[in-house]
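J.: This is what each chain is made of:
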Amino acid sequence: MVWTIYISFAGALVSALLPKDKPVLARWFALAAAVAGLAIAVAGYAAGFGQARQVFVDALWVPSMGIHFLLAADGISRVLVLLTGIASVSGVLFSWNVELRTNQFFAFYFALIGGVYGVFLSGDLFLLFVFYEIAIVPKYFLIAIWGSTRREYGAMKLALYSFVGSAMVFIGLLAAYVTAGSHSTTLAALANAGLPVSFQMWCFPLVFVGFAILAGMWPFHTWAPTGHVAAPTAASMLLAGVVMKLGAYGCLRVGIGLFPHGLDPWGFSFLGVGSWRDVFAWLAVIGIVYGALVALAQTDFKFVIGYSSVSHMGFVLLGLMTLNQIGVDGAVLQMFSHGVIAGLLFAIVGRVVYDRTHTRQFAELEPMHLSRRLPFAAWAFVFAGIASMGLPGFSGFVAELQVLVGAWQANPGWTICSGVGIIVGVAYIWRALQKAFFSDALPTAHELEGEQHHKFAPITWPEYAGVALLGACTLAVGLYPRILLDQIEPAVKALLAGGAQ
Amino acid sequence: MNYAFLFRATLPETALEIAALLVIVVDLGFLRKAAAATRVSVAALLGAAGCAASIWAVYAAGWGSLSNGSYFVLAAGGSAAVAQIAILILTALTLLLFIDTGFTRNPGEYVSVVLMAAAGGLIISAAQDLLVIFVGLELLSLGLYILTAFAKQSGKSAEAALKYYLFGGMSAAFLLFGFSYLYGLSGATSLPRVVYGTYQASAHGGTPLLMIALVMIAVGFGFKVAAVPFHFWAPDTYEGAPAPAAAFIASVSKVASFALLISISSVALHFLQDLHLTGVAVVVAFVHQPGTPLPPSPVLHGLRGAWPLILIVLSVASMILGNLAALAQSSVRRLLAYSAIAHAGYILLGLAFFSWTNASAQAILYYVLTYGLTTIGAFGVVGVVERAAGSDKLDSFLGLQKRNPLLAAVLLVLFLSLAGIPPLVGFWTKFNLFATVLDHGFKIPLSSMQSEALALVALAIAFSAVSLYYYLQVLKRAYVMPAADDSPIKVHPVTLAVLLLIAAAVVVMGCFPALLQNWIANFYA
Chain B
1 MVWTIYISFA GALVSALLPK DKPVLARWFA LAAAVAGLAI AVAGYAAGFG QARQVFVDAL
61 WVPSMGIHFL LAADGISRVL VLLTGIASVS GVLFSWNVEL RTNQFFAFYF ALIGGVYGVF
121 LSGDLFLLFV FYEIAIVPKY FLIAIWGSTR REYGAMKLAL YSFVGSAMVF IGLLAAYVTA
181 GSHSTTLAAL ANAGLPVSFQ MWCFPLVFVG FAILAGMWPF HTWAPTGHVA APTAASMLLA
241 GVVMKLGAYG CLRVGIGLFP HGLDPWGFSF LGVGSWRDVF AWLAVIGIVY GALVALAQTD
301 FKFVIGYSSV SHMGFVLLGL MTLNQIGVDG AVLQMFSHGV IAGLLFAIVG RVVYDRTHTR
361 QFAELEPMHL SRRLPFAAWA FVFAGIASMG LPGFSGFVAE LQVLVGAWQA NPGWTICSGV
421 GIIVGVAYIW RALQKAFFSD ALPTAHELEG EQHHKFAPIT WPEYAGVALL GACTLAVGLY
481 PRILLDQIEP AVKALLAGGA Q
Chain C
1 MNYAFLFRAT LPETALEIAA LLVIVVDLGF LRKAAAATRV SVAALLGAAG CAASIWAVYA
61 AGWGSLSNGS YFVLAAGGSA AVAQIAILIL TALTLLLFID TGFTRNPGEY VSVVLMAAAG
121 GLIISAAQDL LVIFVGLELL SLGLYILTAF AKQSGKSAEA ALKYYLFGGM SAAFLLFGFS
181 YLYGLSGATS LPRVVYGTYQ ASAHGGTPLL MIALVMIAVG FGFKVAAVPF HFWAPDTYEG
241 APAPAAAFIA SVSKVASFAL LISISSVALH FLQDLHLTGV AVVVAFVHQP GTPLPPSPVL
301 HGLRGAWPLI LIVLSVASMI LGNLAALAQS SVRRLLAYSA IAHAGYILLG LAFFSWTNAS
361 AQAILYYVLT YGLTTIGAFG VVGVVERAAG SDKLDSFLGL QKRNPLLAAV LLVLFLSLAG
421 IPPLVGFWTK FNLFATVLDH GFKIPLSSMQ SEALALVALA IAFSAVSLYY YLQVLKRAYV
481 MPAADDSPIK VHPVTLAVLL LIAAAVVVMG CFPALLQNWI ANFYA
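Chains B and C supply the protein sequences, listed in that same order.
FYI, the numbering for the first sequence is 1 to 501, going by our numbering.
FYI, the numbering for the second sequence is 1 to 525, going by our numbering.
If you are wondering where the hints come from, they were derived from the structure by calculation, not from laboratory data.
Treat the numbers as computed from the prediction; the structure is a model and nothing was measured.
Glycine included, C-beta positions come from ideal geometry on N, C-alpha and C.
The reader is advised that the hints may include incorrect statements.
[Said to hold, decoys possible] In silico DSS-like pairs for lysine-lysine, Cα to Cα no more than 27 Å straight-line:
id	chain 1	residue 1	chain 2	residue 2
1	C	Lys393	B	Lys157
2	C	Lys402	B	Lys20
3	C	Lys443	B	Lys157
[Said to hold, decoys possible] Computed far set for chain C versus chain B, every beta-carbon distance over 12 Å:
id	residue
4	Ala4
5	Phe7
6	Val25
7	Ala52
8	Ala53
9	Lys163
10	Pro192
11	Met216
12	Gln362
13	Ala389
14	Pro423
15	Ala453
16	Ile461
17	His492
18	Ala514
Modelling step: build the complete structure from the supplied sequences, incorporating the hints.
T.: Next comes the structure, spelled out in structure tokens:
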């Protein structure tokens, strides 16, 4: 599985060196590299059934500081590596029409993917942080060079938010390393170092918020909608699909894994909030409801999806804060599910629709009658929308149900409040569907004539392939969730047990 | 002590001086009629050869040190050797970058001044005596004033040199004044005896004279490392000086000055450790053995009391002002100057929490070496772009990735390293330095010092997050925004080779951080 990382970075390097004027070559090379990564991820995933934690590489990297080049994977990591593989292949498919500096595009793209694989496979806190930071810079360039609406603003905002978050993580990391005696930075060593409870109490929120910024936790989510909207399709897919998961993964693996006592009660409570756990759970609930409500009010198609991501990532964070088996299982499953569904939604909006209509405003999309002119887009969006609403049979349903059950066990108030978010979730998808694709007004003769002159380009094979890949994944997990849960459950159990010591 | 011994101990400096004279003789004696390009190349290569010979001399000297009776005058080995080798390598690199510039018609004189200034740098890296320190500092500084003024056709160069000279002269006066108080307090010029003398003089409470002396000295050193509030010369000098001279000031002079601060801090600490003093307050904190009770009344004693406090004040001011002011710059050279001020702030933090194990010295040297290397590369790129575009404004970098992809890639690597993005070396140096500060801070058995160390490191990290913004402003123009002028930029092959070498070193040392750390650690064995 470690070859996913090496292949991605090698892919980035080779892409950068490919001749500038041969976009076709760059594309096929990128597809080959992404598929190779996915194949390894699938093989590694399949080999991981019934296995606990696998260690792939363990070499002393910086002996004087006890930093290990330690790559390992448990069930959670394997699921997320699989997700990254899927997202990277579909991202390449949906960037088939990038003509500007194609080789550079894929160079940054694979640098980002390599960093993401690295984070999910790191068994050393320091290495994890290194990969985490590696992923920041390519995002900036992907958005700033190939993006659309207010791209430089969106890109800089995203980069600075990410960097502020990672600075917080960095402080926590240094403090934990030094407090634990400056011997080793492996996650296992730090978790067993017996960090004092008073230390964990301040270090946990610092690190958790640092990672949660990237997971889109309210009120630090504002980079997400602007970044998603500004990004080119493939980058929005990756941002929503895997980069936000980096944050959530960090919250789980580092925040909860290393500082479990940071979640203990403070010993006093204020308005019913008596621990960091309550604080973050309520922030997650606010994120769920707020994201959904704001999505309902958008006039830009992509902003709807952008805010829906904030809402869905709220479920991940809520699931983490339940601290019980079913809730955390649900959170991990939701990471996968949202990665696939959000990728699909962004692909349809950004690639299939926007690249043909050159607008994302509902007011301008309504008179275009897209359900007739782009039936494939319309029905694909219906499919993705239903998955996003969380209807049974799709992955979102299983994941959100588990989160809500877990939340009920922890605090019924959380479940009740986030239920509102689900209902609003149905409404904003419905509204988007209607405004963008199925408007009521019948086309006038004038419009019909205009349509004859401006035929949209036909749907290309990479689009079919990408939609099919992502759609199949959400459906497969929805119908047979055990395929992921079998790996997630033991890993979560081990993590929670380790945290409870 | 006889002259043969003196010669052997100062072999590295002597080698540089001989090379400097040789460059002048060859340039003025044999090449007066030769083409300008030949003269520049010959002078630069001879200078680089002189640096190589001097590096050999540092090794060959067998780390023999020069002493005056019982106390060292020039130290050898350890931090001094690391800093000297670094100074020589960085000097050679700036000389190679000189080959492709045409700002002067007197290449021989330029190179020989560079070499003499570098000799001053070698002296202060090793100096253990107040007078030798001052002589070395002046040798370095005078060279830098001349180098800043070397572009005779440029008004900016003259203005920058004059400002630099006036500030420098003033700060040297302060430094000398401070030294004279130290001499008055301790009756000695040798560092260990000065430390001992100041401790005795202030044994019954801090003396105002010592405080005045320390503040005066802080003015002098603060000027050398461009710490706020003694930084005013830096932006003007970085902007006005010819590019290779600016690179020299930003790298070699920085390394030498920090090496000097390291040796002063080490002397102060080793001295206290030798005496097994369980003094009070900060002194205690640094040498306190677990198990022994803390003395009741904390009074600041000796050189260790006020000094860290002064350094912390300078450090915090530099981090904040350097990073914030850099945000507002439109000239890349000024941006680099303010970023240099910010980096000096981080390093001063390492000096304020200086540990008597070699960890602090190594971490600071590691930081300043790689910082110097990166800055030379950055000035190399700026110099090339400046000659193609006519100015160093941010907009000169528009579309660099199209005009010269290699140059843009070098810029990307160097600036990301300055911002501290892994896996580049700038990240490791920051991590190493901050970890050392925290590690040392947490060992002090005073909880207020622990939280102070943590707060300061948090501040430093927060401001290095700010710094990403202005580094990205340059990279944004190079990579994102469209070019105003599409014509390709040509780079002299030697310059390109040096820049690629530096960028490759930044990447390799970042991926294998242990390489350089082990190399440094070897000198302390």
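J.: Indicate, hint by hint, whether the structure satisfies it.
T.: For each hint, the structure was consulted:
At roughly 24 Å between alpha-carbon atoms, Lys393 of chain C and Lys157 of chain B fall within 27 Å of each other, so this suggested pair holds. For the given pair, Lys402 of chain C sits about 10 Å from Lys20 of chain B by alpha-carbon distance, which is consistent with the 27 Å threshold. As the CA atoms of Lys443 of chain C and Lys157 of chain B are separated by approximately 38 Å, the hinted pair breaks the 27 Å bound. Taking the minimum C-beta to C-beta distance to chain B, about 40 Å, the non-interface status of Ala4 of chain C holds against the 12 Å cut.
Every beta carbon of chain B lies more than 12 Å from that of Phe7 of chain C, the smallest distance being close to 37 Å; the non-interface claim holds. The Cβ of Val25 of chain C lies farther than 12 Å from every Cβ of chain B, with a closest approach of about 46 Å, so its non-interface assignment holds. Remark: the non-interface label on Ala52 of chain C is consistent with the geometry, its nearest Cβ contact in chain B lying 29 Å away (cut-off 12 Å). Under the 12 Å C-beta cut-off, the non-interface status given to Ala53 of chain C relative to chain B holds; the minimum distance is some 32 Å.
No Cβ of chain B comes within 12 Å of the Cβ of Lys163 of chain C; the nearest lies about 34 Å off, and the non-interface call holds. For Pro192 of chain C, the non-interface assignment is confirmed: its Cβ lies about 29 Å from the closest Cβ of chain B, beyond the 12 Å cut-off. A cut-off of 12 Å between C-beta atoms confirms that Met216 of chain C is not in contact with chain B; the least separation is 35 Å. Not every C-beta of chain B lies more than 12 Å from that of Gln362 of chain C, the closest at about 9 Å, which undercuts listing it as non-interface.
Even its closest Cβ contact with chain B, about 21 Å, leaves Ala389 of chain C beyond 12 Å, as expected for a residue assigned away from the interface. Interface exclusion of Pro423 of chain C from chain B breaks down, the closest Cβ pair being 6 Å apart, not more than 12 Å. Ala453 of chain C, annotated as away from the interface, has a beta carbon of chain B within 12 Å; the closest lies near 9 Å. Under the 12 Å C-beta cut-off, the non-interface status given to Ile461 of chain C relative to chain B is violated; the minimum distance is some 5 Å.
The non-interface label for His492 of chain C is consistent with chain B: the shortest C-beta to C-beta separation is roughly 23 Å, beyond 12 Å. With a least beta-carbon separation of about 5 Å from chain B, Ala514 of chain C fails to lie farther than 12 Å from that chain, contradicting its non-interface assignment.
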